[in-house]
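Chemist: Sequence:
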Amino acid sequence: MAQNNDSKLHIAMFPWFSFGHLTPYYLHLSNELAQRGHKISFLLPKKVQIQWEPTNLHPDLITFYPLTVPHVEGLPLGTETTSDIPILLTTHLGTAMDLTRDQVETLLRKLKPYFVLFDTAYWISELASKIRFMNTVLYSAVSAVTVAIQLVPARKVFEDMTLMEAEMAKPPPGYPSSTVVLRRHEALAPPVISFEFGLGIMLHGRFTTSMKECDAISIRTCQEIEGQFCAYIGSQYGKLVFLTGPVLHEVMKMERLLEDRWAWWLEGFEPNSVVFCEFGSQLILEKDQFEELVLGF
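For the sequence shown, counting from 1, position 231 maps to 231 in my numbering; every step adds exactly one.
These aren't lab readings, by the way, just hints derived from the structure by calculation.
Quick caveat: nothing in here was measured; it's all calculated off a predicted structure.
Honestly, I wouldn't trust all of these hints.
Stated by the list, open to error - Per label pair, the in silico range of CB-to-CB distance:
no.	residue 1	residue 2	range
1	GLY174	PHE290	31 to 41 Å
2	GLU291	LEU88	19 to 29 Å
3	LYS130	PRO59	25 to 35 Å
4	LYS47	PHE195	22 to 32 Å
5	ILE284	SER7	42 to 52 Å
6	ASP60	CYS277	27 to 37 Å
Stated by the list, open to error - Listed below are the simulated DSBU-like cross-link pairs for lysine-lysine, each with C-alpha atoms no more than 35 Å apart in a straight line:
no.	residue 1	residue 2
7	LYS156	LYS212
8	LYS110	LYS8
9	LYS8	LYS39
10	LYS110	LYS47
11	LYS46	LYS8
12	LYS287	LYS170
13	LYS130	LYS39
14	LYS47	LYS112
15	LYS239	LYS112
16	LYS212	LYS47
17	LYS110	LYS212
18	LYS130	LYS46
19	LYS212	LYS130
20	LYS47	LYS8
21	LYS39	LYS110
22	LYS46	LYS239
23	LYS8	LYS112
24	LYS8	LYS239
25	LYS46	LYS112
26	LYS239	LYS156
27	LYS212	LYS8
28	LYS110	LYS46
29	LYS239	LYS212
30	LYS112	LYS130
31	LYS47	LYS130
32	LYS212	LYS39
33	LYS39	LYS112
34	LYS130	LYS8
35	LYS130	LYS156
36	LYS239	LYS130
37	LYS170	LYS156
38	LYS130	LYS110
39	LYS47	LYS287
40	LYS212	LYS46
Even for Gly, the Cβ is constructed at its ideal location relative to N, Cα and C.
Generate coordinates for the entire structure from the input sequences, incorporating the hints supplied.
Modeler: What follows is the structure, encoded as structure tokens:
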């Protein structure tokens, strides 16, 4: 049934400054929502806006608002996204993002969206609470099962606490699966949630604060795949959890050609003989890992 104009929403997007969050989660969702007639205000680093203009499928409804990412000691000059830095410097980029708070508040007060979707800026809900009729939604770029097993209150992690292998290997109370659990080698790995992610805050604290203080939670997943984990998350945080499905972009509408170097390279292979693997800008495989991956195919 067609929606009338009164049912159209104004939604602001403010994701973490990483293309792995910006593109598959927030950009594709923005295009999908705009296709349904909703207005989108997208807050993002300046140089991302330049790269993204061709990917905006609904320029009449999606507006990019560039932010100046302040320089933080420890970061190379001009750093705006995780693709500009090695993973060990991510904490400083978290600090830089937090320092955009005044810019973000100014924009939100001016734009007055009904919803703000965010993931890493844990202070968004506090900020939005000062603006009338503004609601916040934690739109998670982390899988539901990861949140359910590591980032729920039942896990009882504190900011000054380091999780041990035995603690990580054991699911939190009420966790809904006995098979989808951390294996020994996974529990042995240093938990990312314990990493510092900005000045004076761990990733765990950043994420759980966002979950506790938002008005609702949304996850890019399907009921058929992770429904039980989403229900568990909702019960843990006392929030409604909305699932967006995969939110895949429509390739034919992008009208973007391959760079010549890749087009020429691909022409040297038979159809359906090349497998494309994308790991994100911050994961660099060692030689033996790369060889294992190739031999696995």
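Chemist: For every hint, state whether the structure bears it out.
Modeler: Now for the hints, and whether the structure bears them out:
Between GLY174 and PHE290 the C-beta distance comes to about 40 Å, which sits within the given range of 31 to 41 Å. Our hint of 19 to 29 Å for GLU291 and LEU88 holds, since their Cβ atoms are close to 25 Å apart. Distance hint check for LYS130 and PRO59: the Cβ-Cβ separation is about 31 Å, which falls inside the suggested range of 25 to 35 Å. Range check, LYS47 to PHE195: Cβ separation about 26 Å, and the 22 to 32 Å hint holds.
For the pair ILE284 and SER7, the supplied restraint of 42 to 52 Å holds, since their beta-carbon distance comes to about 46 Å. Take ASP60 and CYS277: their Cβ atoms lie about 36 Å apart, and the range 27 to 37 Å holds. Distance check on the hinted pair: LYS156 and LYS212 sit about 14 Å apart at the alpha-carbon level, within 35 Å; holds. A hinted pair counts as satisfied when its Cα atoms are at most 35 Å apart, and LYS110 with LYS8 qualifies at roughly 19 Å.
Taken as a hint, the LYS8 and LYS39 pair is honoured in the structure, with Cα atoms around 7 Å apart against an allowance of 35 Å. This hinted pair checks out: LYS110 and LYS47 have alpha carbons roughly 22 Å apart, not beyond 35 Å. For the suggested pair LYS46 and LYS8, the alpha carbons sit about 28 Å apart, so the restraint of at most 35 Å is met. Distance check on the hinted pair: LYS287 and LYS170 sit about 33 Å apart at the alpha-carbon level, within 35 Å; holds.
Restraint check for LYS130 and LYS39: satisfied, since their Cα atoms lie roughly 22 Å apart, inside the 35 Å limit. Restraint check: the Cα-Cα separation between LYS47 and LYS112 comes to about 24 Å, which is no more than 35 Å; the hinted pair holds. A threshold of 35 Å between alpha carbons decides the hint, and for LYS239 with LYS112 the separation of about 23 Å falls inside it, so the pair holds. Using a Cα cut-off of 35 Å, the hinted pair LYS212 and LYS47 holds, with the two alpha carbons roughly 32 Å apart.
Proposed proximity of LYS110 and LYS212 is supported: the alpha carbons are some 26 Å apart, at most 35 Å. Under the criterion of a C-alpha separation no larger than 35 Å, the hint pairing LYS130 with LYS46 is consistent with the structure, at around 26 Å. Taken as a hint, the LYS212 and LYS130 pair is honoured in the structure, with Cα atoms around 17 Å apart against an allowance of 35 Å. A threshold of 35 Å between alpha carbons decides the hint, and for LYS47 with LYS8 the separation of about 30 Å falls inside it, so the pair holds.
Between the alpha carbons of LYS39 and LYS110 the distance comes to roughly 15 Å, so the proposed pair stays at or under 35 Å and holds. Proposed proximity of LYS46 and LYS239 is supported: the alpha carbons are some 33 Å apart, at most 35 Å. Restraint check: the Cα-Cα separation between LYS8 and LYS112 comes to about 14 Å, which is no more than 35 Å; the hinted pair holds. Straight-line distance between C-alpha atoms of LYS8 and LYS239 comes to about 23 Å, which keeps the hinted pair within the 35 Å bound.
Pair hint LYS46 plus LYS112 holds up; C-alpha atoms about 21 Å apart against a cutoff of 35 Å. Only pairs whose Cα atoms come within 35 Å are accepted, and LYS239 paired with LYS156 is accepted, the gap being roughly 18 Å. For the suggested pair LYS212 and LYS8, the alpha carbons sit about 27 Å apart, so the restraint of at most 35 Å is met. Under the criterion of a C-alpha separation no larger than 35 Å, the hint pairing LYS110 with LYS46 is consistent with the structure, at around 19 Å.
For the suggested pair LYS239 and LYS212, the alpha carbons sit about 8 Å apart, so the restraint of at most 35 Å is met. Taking the CA atoms of LYS112 and LYS130, the gap is near 12 Å; set against the 35 Å cutoff, the hint holds. At roughly 30 Å between alpha-carbon atoms, LYS47 and LYS130 fall within 35 Å of each other, so this suggested pair holds. A hinted pair counts as satisfied when its Cα atoms are at most 35 Å apart, and LYS212 with LYS39 qualifies at roughly 27 Å.
Proposed proximity of LYS39 and LYS112 is supported: the alpha carbons are some 12 Å apart, at most 35 Å. For a cut-off of 35 Å, the pair hint linking LYS130 to LYS8 stands: about 23 Å separates their Cα positions. A hinted pair counts as satisfied when its Cα atoms are at most 35 Å apart, and LYS130 with LYS156 qualifies at roughly 30 Å. For the given pair, LYS239 sits about 21 Å from LYS130 by alpha-carbon distance, which is consistent with the 35 Å threshold.
Restraint check: the Cα-Cα separation between LYS170 and LYS156 comes to about 12 Å, which is no more than 35 Å; the hinted pair holds. For the given pair, LYS130 sits about 13 Å from LYS110 by alpha-carbon distance, which is consistent with the 35 Å threshold. Restraint check for LYS47 and LYS287: satisfied, since their Cα atoms lie roughly 32 Å apart, inside the 35 Å limit. Distance check on the hinted pair: LYS212 and LYS46 sit about 30 Å apart at the alpha-carbon level, within 35 Å; holds.
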